[in-house]
Amino acid sequence: MTLGAAEIDAWFAREVLPLEAALMQFLQHNWRNHSDITDFRQEVYARVYEAALKKVPERPKQFVFATARNLLIDCVRQGRVVPIEAASDLEALEVAVDAPGPEQTVIARDELRRLQAALDRLPPRCREAVVLGRIEGLSGRAIAQRMGIAEGTVSEYLKTGLCSLVEILYSEPPTVRRKL
Amino acid sequence: MSERPIVSNAREIDAMAADWLQRRDFWNWSEADEAALEAWLSESVVHRVAFVRLQTGWGRTERLAALRPASDGGIGGAWRGQVVPTLIRATAALCVCGVVGFLAFRQPAGPQEKVYAASLGNRESINLTDGSQIDLNTNTSVRTLIGGGERKVWLEHGEAYFQVKHDAAHPFVVIAGNRRITDLGTKFLVRREGDELKVSVIEGKVQLDAAGAGAQPQSTELNPGEVAIAKNETLSVFSHAQKSLTDQLGWRRGVVVFNHTTLATAVAEFNRYNDHKIVIADATTANLAIGGTFRTTDLESFIDVTQHVLGLHVVNQGNKTVISR
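Residue numbers (our numbering), protein chains in the order written: chain A, 1 to 180; chain B, 181 to 505.
FYI, nobody ran anything at the bench for these hints, they're computed from the structure.
Hints should not be assumed to be uniformly reliable.
Pair ranges (Cβ atoms, derived) [said to hold, decoys possible]: (1) B/W207 x A/E58: 34 to 42 Å; (2) A/D74 x B/E376: 31 to 39 Å; (3) B/V495 x A/I149: 50 to 58 Å.
Okay, derived cross-link-like pairs now, DMTMM-like style, lysine to aspartate or glutamate, Cα gap no bigger than 25 Å in a straight line [as the list claims (entries may be wrong)]: (4) B/K367 x B/D315; (5) A/K54 x B/E223; (6) B/K411 x B/E383; (7) B/K423 x A/E15; (8) A/K55 x B/E223; (9) A/K55 x B/E183.
All values reported here derive from a predicted model rather than from experimental measurement.
For each residue, glycine too, the CB sits at the ideal point set by N, CA and C.
Let the sequences and hints guide you as you build the complete structure.
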């Protein structure tokens, strides 16, 4: 079955993104150089998305981790980086794919509280802009007026705040919503 | 895999995607802008996944908006003039006073005031004259004022489970510190520990009110599966899986249930029920996950698991047990 971009986007958001905490853990576990991890994550996502454009994988979780494993193997083969640990761990990866990931943990996380902690970690002025925009619902222009700063600066604050908040949110499995 | 080079600038692309998002959400957005965004997304699947990822995560922050005071539409209302520096300040506006309740129990006729308590490691069940039931967990004390149209309970400290007989004409109110929980026909759990208050709704609905000096009255309605945590002036609401709520009520059967719970949380939970305390020596140990169901008073089994399943060192030191790597 092939789907349109909007449907693939929705599928990706629903099936793939909730795996991010587990995926990052997997990559960190199996790759020595942690500065590569963000690139790896995006590469895995890009590959999964490309594959889904042709055919949506039936078992998203297995597919994501198989993709991650293949990527690591590719990188070792190409000698992109030569981490001894990664090479010796390649067989262990096979096992890791089937191991239950943190996303199976149905502990619901207090998302708002985490958001709040995330907000508190932003630089003060940046946080102020995000609070005004996200909680008070002000427009960028209104934020600029309220804070007495240039609109371009507001943009920068919102951009940084948005990136940081999302990063923190994905670093833990999402809140589980179940039928009651 | 494809002709596309392997991703090497993920952070840069994330920043670009974030810029598109904030431009779309906070500034004037024309059809030309939309077309430009579409073009950027079509340029590379790497752009698209970055954008979808950020957009989805950003969507999750929407719940933040729920903290905004409902009555003033946000702009120029309660927070006029001063920029709200943190979410903590922002949520202060959600508060109302519970002190009013204290005036009621002085009335001579009708309502009767009573005090109930469960000591450390014990639990109690109270049947109120209005047909409602309260279960008290370890180290808990409540004061009740029932009768003559009054139905009020003060949770002084600890944790209590309420099964309320609904009576729309006479709302059942639980007061915990400066917060007030009003039953809208329901079963709910209230836990008060230090300055933190946690309200979990199992069935029906409750209304949670709080008060900050001079703030206009605000209230939050909680539905089944929703849990509110109030601390100082902050209020967070989130959803729990049904199972996790049932687990939280394990104490009514005399058990605690852990499901990938950190050792720190599990130990804190055990320490609520026992004089003999468990102490964790280091952060790594504190972050280990543990699962299972234990009797609240069966420290031995719990310590056994940490020792033999998690492989930790256990040292007994008089009235405490120290667990370390």
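Exercise. Taking 34 to 42 Å as the hint, is the beta-carbon distance of B/W207 and A/E58 inside that range?
Worked result: 41 Å Cβ-Cβ, so the 34 to 42 Å window holds.
Problem set entry | Outcome for the supplied range 50 to 58 Å, where the beta carbon pair is B/V495 and A/I149 | holds, 56 Å
For this session: Would you check the hint for B/K411 and B/E383, treating anything up to 25 Å between C-alpha atoms as holding?
Result: holds, 23 Å
Problem set entry | Cβ separation of A/D74 and B/E376, checked against the hinted range 31 to 39 Å | violated, 49 Å
Problem set entry | Given hint B/E223 paired with A/K54 - CA-CA distance at most 25 Å | Given pair A/K54, B/E223 holds - Cα atoms ~18 Å apart, limit 25 Å.
For this session: Sort out whether B/D315 lies within 25 Å of B/K367, counting only the CA atoms.
Result: Given that 25 Å is the threshold and the Cα spacing comes to 11 Å, the pair holds.
Exercise. Does the structure keep B/K423 and A/E15 at a Cα separation of 25 Å or less?
Worked result: Holds. B/K423 to A/E15 sits at ~22 Å (cutoff 25 Å).
Exercise. Does B/E223 lie within 25 Å of A/K55 when you go C-alpha to C-alpha?
Worked result: With Cα atoms ~20 Å apart, A/K55 and B/E223 stay inside 25 Å; holds.
Exercise. Are A/K55 and B/E183 close enough, with their CA atoms no more than 25 Å apart?
Worked result: The given pair, whose Cα atoms are some 19 Å apart, holds under the 25 Å limit.
The earlier numbered hint that this structure contradicts is number 2, and it is the only one.
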